[in-house]
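Turn these sequences into a full structure, and let the hints guide you.
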Amino acid sequence: MKIEAGLPEKLEWIQHSLGFFGPELILFAGIVVVLCVGIIIPSLRAGSGSSTPLVIGLIASLFACAVSLAGWNQETEGLHLFGGMIVNDRFSSWLKIICDVAGALTFLLSLKDQRKHVSEYVALVLSVLLGAHMLSMSVGMIMIFLSLEMISITSYVLAGYSFKQEGAEGSLKYFLFGTASAAVMLYGLSLLYGITGSSIISSQEFVEGLLAHQSLLLLVAGLLALAGFLFKMAALPMHLWAPDVYQAAPMPVVALFSVVPKLAGLAVLTRFVLAATAYGQSLIDWKAIVGLIAIVTITAGNVAALRQSNAKRMMAYSSIAQSGFLLIGVAALTEQSIQFMMFYAAVYFVANYLVFGYLQYFESKGVLTIPDFAGTGRTDPVAHGFLLAGLISLTGIPPTAGFTAKLLIFTGLYDAYRITDDSFLLWIFVPGLLNTVIALFYYLRIPYFAFLRDGDGVPAKYLTWTNFLGLVLVLTLLGLFFRPDGLMGWINKITFVL
Amino acid sequence: MSPDADIAYWIVAASMIVLLAPLASGILSALIPVRYSWLVSLTASFMLLVAVAGAVVLVSNAGLHDTRHFSTAWFTLGGNEIAAGILVDKYAAVMVLVVTIVSFLVHLYSAGYMAGDASIRRYFVMLGFFTFTMLGIVLSDNLLILFMCWELVGFSSYMLIGHWMELPEAAQASRKAYMMNRIGDLGFIAGLMIVYRKAGTFDISILASHSLQGWETTAALCFFLAIAAKSAQFPLLTWLPDAMAGPTPVSALIHAATMVAAGVFLLGRIHFMFPPEALQVVTAAGLLTALTGAAAALGHFDIKKILAYSTVSQLGLMVTALGMGAKDAAMLHLLTHAFFKAGLFLAAGAIIHTLHQVQVSTGKTYDVQDIRNLGGLRKAMPVTFVVFVLCGAALSGIPMFSGFQSKEAILSHMLSGQGEWSLIAAFLFLLTAFLTIVYTFRLIWFVFIANEGRQWGNIPEVPFVMRFPMIVLGLASLWWIVSLNPFSFSGWFMTGRATGSATMISIAVVITALATSFLFVRKKPTPTGAPGILTNTFYLDNVFGALVTRPVGHLSSLCVRIDRRYIDGILHGAAYAQVTLAHIVGWIDKTIVDGIVNFVARLASWLGAFVRTFQSGNIQMYIFWAGMGLLLLTLYIVT
Amino acid sequence: MIYAFYIFAFIAIASAAGILFARRLFHAALMLLVCFLGVAGIYAVSFAEWVAVTQILVYAGGVVVIIIFGIMLTARITGRPTAVANSRWFSGTLLGLGAMGFLITLFVRGSFGNGVMPASDAKFTMVNRFGIELMTDYMLPFEGAGLLLLITLVGAAVIAATRNKNSIS
Amino acid sequence: MIPIENYLVLSATLFSIGLMIVVIKRNAIAVLLGLELMLNAANINLVAFNLAHPERLDGQMFAVFVIIVAACEAAVGLAIILQAYRVFHTAVPDSISTLKES
Amino acid sequence: MPDHILTYLIFLPVLAAFLALFIPRDRSAWFRVLNLAVCGVQGILTIIAIVRYGSETGDLRLIERTEWFSLNLGTWGSLRAEYFLGVDGLSLPLIALTVFVMIIAGISSWTITKGVKGYFTLMLILNAAVIGSFAALDLLLFYLFFEFMLLPMFFLIGIWGGKRREYASIKFFLYTLCGSILILVAFIGLYISGSVPGDVATHTFNIMYLRDGSNYVPGSVLDPSGTWLIGGWSARNWAFLLLFVGFAIKLPMVPFHTWLPDAHVEAPTPVSVILAALLLKIGGYGLLRIAYPLFPDAALSLSWMVGLFGVVSIIYGALTAMASKDLKRLIAYSSVSHMGYVLLGMASATQEGVSGAVYQMVSHGVITTMLFLIAGVLYDRTNDRMIENYSGLARIMPVYFVVVLIAFFASLGLPGFSGFIAEIMVFLGAFRSNVIHLSLAIIATLGLALGAAYYLWTIQRMFFGKLHVRGAASTEQLTDLDLREKVMFLPLAAITLILGIFPQLLLNYIDPFALGFVSLLTGGS
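Chains as they are written, first to last, in my numbering: chain A, 1 to 498; chain B, 1001 to 1639; chain C, 2001 to 2169; chain D, 3001 to 3102; chain E, 4001 to 4525.
Calculated from the structure, these hints are not laboratory results.
The structure displayed is predicted, hence computed values, not measured ones.
Among the hints, a few may not be true.
As the list claims (entries may be wrong) - Here are the simulated DSBU-like cross-link-like pairs (lysine-lysine), alpha carbons at most 30 Å apart as the crow flies:
no. : chain 1 : residue 1 : chain 2 : residue 2
1   : A       : Lys461    : E       : Lys4117
2   : A       : Lys312    : A       : Lys10
3   : A       : Lys365    : D       : Lys3100
4   : E       : Lys4117   : E       : Lys4325
5   : A       : Lys112    : D       : Lys3100
6   : A       : Lys164    : A       : Lys10
7   : A       : Lys461    : A       : Lys312
8   : B       : Lys1327   : B       : Lys1305
9   : B       : Lys1305   : B       : Lys1379
10  : D       : Lys3100   : A       : Lys312
11  : B       : Lys1090   : B       : Lys1327
12  : A       : Lys461    : A       : Lys116
13  : D       : Lys3100   : A       : Lys164
14  : A       : Lys365    : A       : Lys164
15  : E       : Lys4117   : E       : Lys4466
16  : E       : Lys4325   : E       : Lys4114
17  : A       : Lys493    : A       : Lys312
18  : A       : Lys112    : A       : Lys164
19  : A       : Lys312    : A       : Lys365
20  : A       : Lys493    : A       : Lys116
21  : E       : Lys4325   : E       : Lys4466
22  : A       : Lys112    : A       : Lys365
23  : E       : Lys4117   : A       : Lys365
24  : B       : Lys1305   : E       : Lys4325
25  : A       : Lys493    : A       : Lys461
26  : A       : Lys461    : A       : Lys365
27  : A       : Lys365    : E       : Lys4325
28  : E       : Lys4117   : E       : Lys4163
29  : E       : Lys4466   : E       : Lys4486
30  : A       : Lys112    : A       : Lys461
31  : A       : Lys461    : E       : Lys4114
32  : E       : Lys4117   : E       : Lys4486
33  : B       : Lys1590   : E       : Lys4163
34  : D       : Lys3100   : A       : Lys116
35  : B       : Lys1590   : E       : Lys4325
What follows is the structure, encoded as structure tokens:
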């Protein structure tokens, strides 16, 4: 029978595909090991805290990151595995590296506070990482939906991990909003599947289907699908969940939410927009749509954060604004701008973890809302110095890499304007830059209260874990500013078939 | 060295001495510690003596008839070089002589006058600095250096007028003086710039040959504005009478002999630049100033104010002479005026000084300077009386005195001039001369001669160190200063024949003026206000008297009123307008410009609040708003 | 064939509307069960019998049962049957009808005629093809789904485990 | 054969009704029901579009996986809703809104 | 001496700041000594630099140039940024001014007692940033130092300032950041269209390359030969306008100046000295170094606007100074008026005008330091700067009165002081220039009279008349200057005098630069 004849060849083909699936397998193994450890060690079974699972998680994520780093150079031109659902190219492996390091840092951050159900916690975080890996690689609709759901479901549980009243409410809100947007996305994907007939968005058949069927329905289907990705990135129409969930979830989880699902969503959104613009012939100008969303998101995120008194909610709005900046890279949609976006993502990740690390450090010292920071600057200058460096990098002021990142993003935009000369890019250029000024206003509130207002400070000693971690991150930020070509050399290898 | 070279060397050396000696005296008196402050006046006077010696050497070498010009590079600006040097011609030489002599005498005089003053060191520093800058104006060869000294002179006059800081009117007067000078300086700068733009250089000797391509009149008028401010000409004269608030020796040096003369000297220096129309404006202004000055002098009671207005009117005469083109005559009058006016001021100073001491000893307090409380000083202060009479006579132009000769020089030039314009000028000149005589006589009469009976008790004569300069100046107002023959003005300074008619007319004017003034002062025991004195002189019934007095009375009160209300008014108004304008601008600055910034900040936070209203916390509303967001997006893209 | 489709479609839509207007939560759950069965019927009609069976087995059998357990649990604490009130009628209907109107007009105008017509020779496919496909082409989603189920199990256990004995008062 | 528009209309109505339920119902579990409905609507679409090329089974395969995922979601969803219920003693999302703009 | 003078000059304070972190907080004397020592060494280095500079031609000296980084941007070529330092007629005097003012500020910060460690660390960083931005000749390096000044300034005003210090520091930060954003936009445009001579692929930040038109990628946005229009106006004009507004905010030009009085009134004396003497010059320096040379054609066509804004600043600054009641606010507004001359000189595009502008920057730097120290002397004693609360001070503070006289008369342009020379040169330039209308120069002369008005009015109210102190202060608090203050004022007065009498000392350096600048502006491009 034809089918049987193909069987051995297919099985052998799967074995070949598994070869390139290293990091994911490591994470999978990590999850299993952590769960087993959770059962075996008596203390864990009782649900009390211990740090062994965190160490295992750390090792797993770093190992996965190392494998994908090692595989960086001989990466062939994105090959399609598992029946074309997965594309293992440098674009996705760069994001995988960032997500793994983010996971590792989350484990480092959560080393300190004794957490209940530690092994389950590590398993969930590892599964978020695995989901992000799959999502950033997936091209097939099934895999997109599946990995997106994997990230989402684990995030719903993680959101409630503070096991306090606000945790329950946070996870409920996250769940309802997340499932609704997943359903909307699924409906969009099904319509796209119907229009194009193929479920692999990067395949030739999908693109021809799109071109053959230029109609309003395509626009609606595309937007509905886009809704799911925007939810993951917390971009404008689908951003309403972010402030409440960020406020509810524990700090390491919030740090994870602000980086990993966002970057995974960004990856799949980029692939989707690439496919949708279909080498530029598609009538619907997807770049303009993404550009519009980008600008509205940046402005809304920045403006809403102005009067914020809760540090976590302020960081939620800041992450909304930053996803707007990332979307600018997609809106420009040249090979350059995608590479610059990758650089921006790396810098954003470093700065975000630096700030969250220190917010957690101060939260553990009882400083919850921003006004509580009054006077702490004098008693704990080192911590506030590093926190200031992180916030300045998020704003984009020179000595830190944030400036170079923003500079490159806007150069990509400027350059795209030069090539395509469509004027909507200019509409993004000026508000984008002016938002930096608004951003400065709220990013500086914490140092403003810490240094300028006098209050009873918080006793502190300098040589703590957080300061060490902070030092490493600040040095990376400064290093990236003074030697950006090191990182860009890596990123330049990301080739893109446009 | 060839004879010519060493003369050049001597001239440069002499001018260096002349310039630097006063500066050295200023610096020396600053350095002398407070304990030895009495030493200051000695060192200063000695240094000024050195300056006088230098001036004599300079004048003897330079000679009166050729101009010498020496200059060194000062700094290069934009390619072309700005030089700094000295230009010694006849007028400069004479002026150097006058300035140094008068300054030396004033230094001596102040040694006595300012003996007890607390900040005497600052006084002598400024006096020395003033002389240095004045000599700078006289000697400098290019307009830029001249302008620098011009402003520095203004500054030193500001410091000297405001010497007694506690007196509020002194502070007010010094500020007003400096502001008026400053407005003049604007004119000077504008003139400078036009000259630089058109001629490309500041050097006076080069400028003489350069044409300013049609900008002559504007440049000339700009320079005249500066001259008017400095020499208190018509529009900007009100600062001089107020400047009397300063110490009297300062008034003697600055507001009689030197600084106010600087304007006239500058007018002489750049006379070549003035086209005919500008000269007419100058003459008109000169005449107007002369008249108002003389009339105002009649209306006042304060000795120093009367002398100040007389200076204003004499300066008006000099400017008119220059306007008419009589450069030598004007310079001569400048020379003679410097000596006799300084003498008058020093004499007045002596009176004030002694009466102050009397006041202190007797405890009576009354305004020493008001001629109504004075009188009968003839016997009490004989030397001062003699000096006062000598200088007063010179001022009034009585024959046998230098004033007569220099006025005659100007008059003869006017009479020889063609055209009815010079006739009118001559007539007004004579009228001013007439008024000068009247107010001088009135002054002398009421201060020294009237109401003999007033008992002053034993008024000590002023110390010798003050009397000597007065006597010197008194002698210097005699006729030998100008030429050996008392009736002709051609002598060592200038040549020229006085037309017969000129001498006759001036003598006639002198006699009639003396008669009228003698008549109407005799009856009155104490001087009353101008209108009072002039209008109800029932003795003078002849037509000429009535014809002249009523308009003059009105004129003088008018001038006083104009002076108080309009010119000062304009100035106060301008200052007031400035302040209100400043406050309006300050208000704009706070509300509007700041307003915009705050508005933007409020807009941003309002927009933030709007975005946050969606965060109502209710999850189902979130889903609803998300859905509506998508719908809106599609609608937006579709349309 | 066409009639069966219409019947099942009617059942599905009616039961869906029933959920919307159900007074009691329990009735809503039952309505959902009926709707699932209707949908399973539609699958069967369109030759997707394997999906229909999975639908009945997983959805109707599993999900509805859990939901009923959930309803029971929530009702148990307060003692009264969970009445389900409705609110925000205006915004809900606005959004729902807006979406429906928008989509349906598009579908009706949409040119689906070209090649999307279901092929006439469609016949029930052998189930074993599903097995082979599942294990070869769709091996990755299959394993992924497995992992997802495991993680859901762990997550739900963690949430459920923190019963009120420790933190939550 | 059954024209495709019927399927689409059916799935559109189901999707809309699901959406209305999610927004209108004042009980978390009811919202869950609405979500399940929306997922089913999508499934109908997938299965319907698969009829166009019966030789490939990707539509149906996708539908099966959706069902699996929907099951997981229902499980986690109920666990979360029950936890919220235990804490807030109510399942009405409107009253569970302590986390909002202060 | 090693040839990396500029690098040592910039990074010595940074090293010292790093060192200061390890000195324990309570040894405040150490910090003061450290700060002064660093400034002293910098002074020596500057003298060596001046000696080794000694050039007649206006070209660059003491050049240091190493590769900073080069990003290869795939198809679009590579972007190269260099660590490129150099000094010419314009930046050498300004660097000398910076080091001198830093020494004075160091001495005047002797009275700072609150948080001494933080204060001096920030001062050292500020020191490095200011010198860096004067010496940098690479756009990115310039922008780094330009932004690097904001943070220390923000904290210096914010923590050690007066009552409304938070408002003032935030306003300062926001204003300057908006300015730097505009400058950033122009820089991006520049380096996208500029390229290294030779291969068009490598884009560069180097100012010297971007100066001559041949180094532009043909057909790029800011290519001088190509005409790329945005909104109907040539892109080069837009770029010049952006740079002009960006730097005008820093050099407070009238519409954008409202941050200056607040920042000055609230900042502590040494900080407001640095703010006035140095930070304002960065604005002027930026215009002369970047905006004008890179867009000569646009600069010429927009010169009338620059001149107009200059004159408006002169008049507006003088009027608002007259209306201000606080001494420091008066001095701040007078700075606005004085910087108006710099704009006017620049706009005249004549050699006298430009060298006048640079001369004015240096002379204003010295004079305004004196002015702010004067205000500081009063504030240190009585914490009250209201003008009408004092009168007759001359009697009890004679030395202070002499210093005030020198400073005020130098500031209003009395001959013999450097202010006069600068103003005369600016007027010569303005009158002679055919680029801006003659009426602008004439109205500017009005500024002189206004200047005299408010300064004399202040002297009269504060120093003349009866001795009487209203408000909280009391007469015995008003002691005369002590030794430390005299040590500060003496060199300042001396320099103003020397620069007034022998301008050739400074003009030797400025003139060649001005010659080159004018020929580039009118002759070249």
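Legend entry - Which numbered hints fail: 2, 4, 6, 15, 17, 20, 24, 25 and 27
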